[in-house]
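Visitor: Letter by letter, the chains look like this.
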Amino acid sequence: MTDKKRNVFKVLTNGFMKENPVLKLVLGTCPSLAVTTMAKNGIGMGIAATFVLLGSNIVISLIRKIVPDKVRIPVFITVIAGFTTIVEMLLHAYLPDIYKELGIYIPLIVVNCIILARAEMFACKNTVGMSILDALGMGGGFTIALLIMGSIREILGAGTWFGITLTKNLFDPAVIMVLPAGGFLVYGFVVAAVQKFSTLNIRNKEIAAGCGMSCAGCVANDNGGDKA
Amino acid sequence: MENRLFVCSSPHLRDNVSTRRIMLDVIIALIPATIAGIIFFGMRSALVVVATVAASVLTEYIMRKGLGRGQTISDLSAAVTGLLLALNLPPSIPIWIAVVGAVIATGLIKQLFGGLGQNFMNPALGARAILTVSWARWMTEWTDPLFVDAVSTATVDAVSTATPLGVLKEGGASTFSYLDMFLGNVPGCIGETSALAILLGLAYLLFRRVISWHIPTFFVGTVALSTWILGPGGVFTGDPLYHVLSGGLLIGAVFMATDYATCPMTRKGRIIYAIGCGALTVLFRLYGSMAEGVSFAILLMNIVTPMIDRYTVPVAFGGEKHVE
Numbered sequence: 157m158t159d160k161k162r163n164v165f166k167v168l169t170n171g172f173m174k175e176n177p178v179l180k181l182v183l184g185t186c187p188s189l190a191v192t193t194m195a196k197n198g199i200g201m202g203i204a205a206t207f208v209l210l211g212s213n214i215v216i217s218l219i220r221k222i223v224p225d226k227v228r229i230p231v232f233i234t235v236i237a238g239f240t241t242i243v244e245m246l247l248h249a250y251l252p253d254i255y256k257e258l259g260i261y262i263p264l265i266v267v268n269c270i271i272l273a274r275a276e277m278f279a280c281k282n283t284v285g286m287s288i289l290d291a292l293g294m295g296g297g298f299t300i301a302l303l304i305m306g307s308i309r310e311i312l313g314a315g316t317w318f319g320i321t322l323t324k325n326l327f328d329p330a331v332i333m334v335l336p337a338g339g340f341l342v343y344g345f346v347v348a349a350v351q352k353f354s355t356l357n358i359r360n361k362e363i364a365a366g367c368g369m370s371c372a373g374c375v376a377n378d379n380g381g382d383k384a
Numbered sequence: 030m031e032n033r034l035f036v037c038s039s040p041h042l043r044d045n046v047s048t049r050r051i052m053l054d055v056i057i058a059l060i061p062a063t064i065a066g067i068i069f070f071g072m073r074s075a076l077v078v079v080a081t082v083a084a085s086v087l088t089e090y091i092m093r094k095g096l097g098r099g100q101t102i103s104d105l106s107a108a109v110t111g112l113l114l115a116l117n118l119p120p121s122i123p124i125w126i127a128v129v130g131a132v133i134a135t136g137l138i139k140q141l142f143g144g145l146g147q148n149f150m151n152p153a154l155g156a157r158a159i160l161t162v163s164w165a166r167w168m169t170e171w172t173d174p175l176f177v178d179a180v181s182t183a184t185v186d187a188v189s190t191a192t193p194l195g196v197l198k199e200g201g202a203s204t205f206s207y208l209d210m211f212l213g214n215v216p217g218c219i220g221e222t223s224a225l226a227i228l229l230g231l232a233y234l235l236f237r238r239v240i241s242w243h244i245p246t247f248f249v250g251t252v253a254l255s256t257w258i259l260g261p262g263g264v265f266t267g268d269p270l271y272h273v274l275s276g277g278l279l280i281g282a283v284f285m286a287t288d289y290a291t292c293p294m295t296r297k298g299r300i301i302y303a304i305g306c307g308a309l310t311v312l313f314r315l316y317g318s319m320a321e322g323v324s325f326a327i328l329l330m331n332i333v334t335p336m337i338d339r340y341t342v343p344v345a346f347g348g349e350k351h352v353e
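Residue numbers (the numbering used here), protein chains in the order written: chain A, 157 to 384; chain B, 30 to 353.
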């Protein structure tokens with residue numbers, strides 16, 4: 157029972173840090189770079205993609221036993237396209253501002269590689285419950301990554317955060333940050349920072365476990381970790 | 030005694046040329062342009078120079094320290110980057126923007142890519158491009174030089190005005206004489222306006238054999254020829270002298286395009302590179318939205334440099350094709 161609980165927790169948190177789709181797996185870079193000119197757009201895109209991911213993971217997990225292996229990709233894409241259409245119509249009806257800002261990137265959720273990757277790697281092999289958790293974790297990780305990038309770019313590039321002016325007399329915002337070049341710059345720095353902190357984390361754990369500079373023990377540990 | 034015999038790979042003949050000596054030569058060659066900038070735009074430009082050089086050297090020091098690599102500030106390359114950046118900024122630039130530019134040049138474009146020799150584009154120009162895009166208002170605000178006999182300059186410290194290229198872009202008739210443009214008595218960046226000072230620097234660099242004549246000659250030649258051909262009133266009606274003397278063409282062709290790390294290695298490659306720089310400059314100046322295009326032209330050719338190098342590998346002696 158505790159083992160199962162731990163597993164549930166692991167699946168849920170996997171997308172946030174260890175396998176964050178944007179910052180660790182470098183998936184879904186196109187929407188991450190394109191829509192993160194403002195924190196608001198980042199969150200909007202993240203939530204829209206999470207909704208599609210949730211829907212597609214549930215349906216694909218449900219039909220995973222009846223879909224023939226050879227045609228699974230077209231089937232997955234059709235399911236994803238269906239949910240994307242729903243999201244697009246909902247946004248158009250209820251949040252026209254966000255709809256206008258995100259523009260072409262809403263229909264492009266269909267080809268967002270995070271969603272297809274989770275369908276292929278997780279949903280078609282796991283139960284509905286687990287797939288829901290996976291979708292929430294991955295979608296949450298995606299949203300957080302977009303929020304971080306959107307915040308940095310909006311504060312530095314426009315001097316605002318969620319539309320609130322922050323740096324009125326502090327400094328002139330650097331316009332390049334809200335242009336594509338700034339997107340790549342911020343993306344590089346955020347990925348580097350996350351990488352740095354996650355390796356620090358691993359090192360601390362190793363030291364806590366008592367490294368003692370016996371490298372053979374570490375190799376054995378690594379192998380054990382891979383199997384688990 | 031046992032250290033008397035050692036084995037190492039070639040080259041075995043060494044000159045006493047060092048990175049530090051070359052960088053010192055570049056600094057010496059830049060002194061006339063710096064002095065001209067201070068004469069024409071006042072002590073404020075000296076402040077900009079000091080700020081960018083200090084920020085650049087400090088950034089280099091902190092980055093090398095933080096990355097755990099050996100210190101390289103004594104090779105003077107960071108100082109050259111800072112100086113070149115300052116000479117490419119307008120005299121009225123806020124000091125904090127100049128400092129941000131120096132940090133971008135040395136920290137981001139040079140050190141993050143591995144330091145001297147590893148940068149894929151000229152650090153000073155890359156920083157200038159980022160500043161131009163980020164703070165277009167400050168980067169295109171020009172002040173009249175101190176010796177302009179305009180009535181307004183007597184009472185006001187700084188008056189925004191247009192550069193010779195800006196005047197051309199607006200479609201107006203130029204009021205700048207060739208002599209003023211040659212001496213540097215026109216609005217522009219701190220170090221770019223005086224053709225005379227830059228030519229002095231060029232002569233020194235050629236004399237010291239720090240650079241070869243190919244890149245400046247073909248760069249400027251291409252610009253002169255194509256602006257003459259593509260004149261406003263039809264073929265061969267252009268004013269090549271005006272285009273050569275205005276803007277950052279000369280400083281770009283002499284000091285920026287000849288950067289060792291970012292220009293091709295062979296003579297043939299350098300000629301292709303210089304002609305490309307010239308053609309892109311003319312394209313940006315005559316048909317682009319900005320008045321000046323030298324920096325973006327050089328940056329684009331910097332990026333193409335590895336490809337030029339790949340296609341201009343010289344044939345080794347004895348490796349020629351068999352003659353029928």
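Everything labelled a hint here was simulated from the structure, so no lab data went into it. Please note that a few of the clues may not be correct.
As the list claims (entries may be wrong) - Partial pick of chain A residues on the chain B-facing surface, computed with a CB cut under 7 Å:
| no. | residue |
| --- | --- |
| 1 | 328 |
| 2 | 330 |
| 3 | 331 |
| 4 | 332 |
For clarity, every value in this text was computed on a predicted model and none was experimentally measured. For glycine and all other residues, C-beta sits at the position ideal for the given N, C-alpha and C.
Visitor: Hint by hint, note whether the structure agrees.
Guide: Against the structure, the hints:
1. 328: 6 Å, holds
2. 330: 4 Å, holds
3. 331: This hint holds: residue 331 (chain A) lies near chain B, its Cβ roughly 5 Å from the closest one there, short of 7 Å.
4. 332: 4 Å, holds
Hint compliance for this structure: every hint is met.
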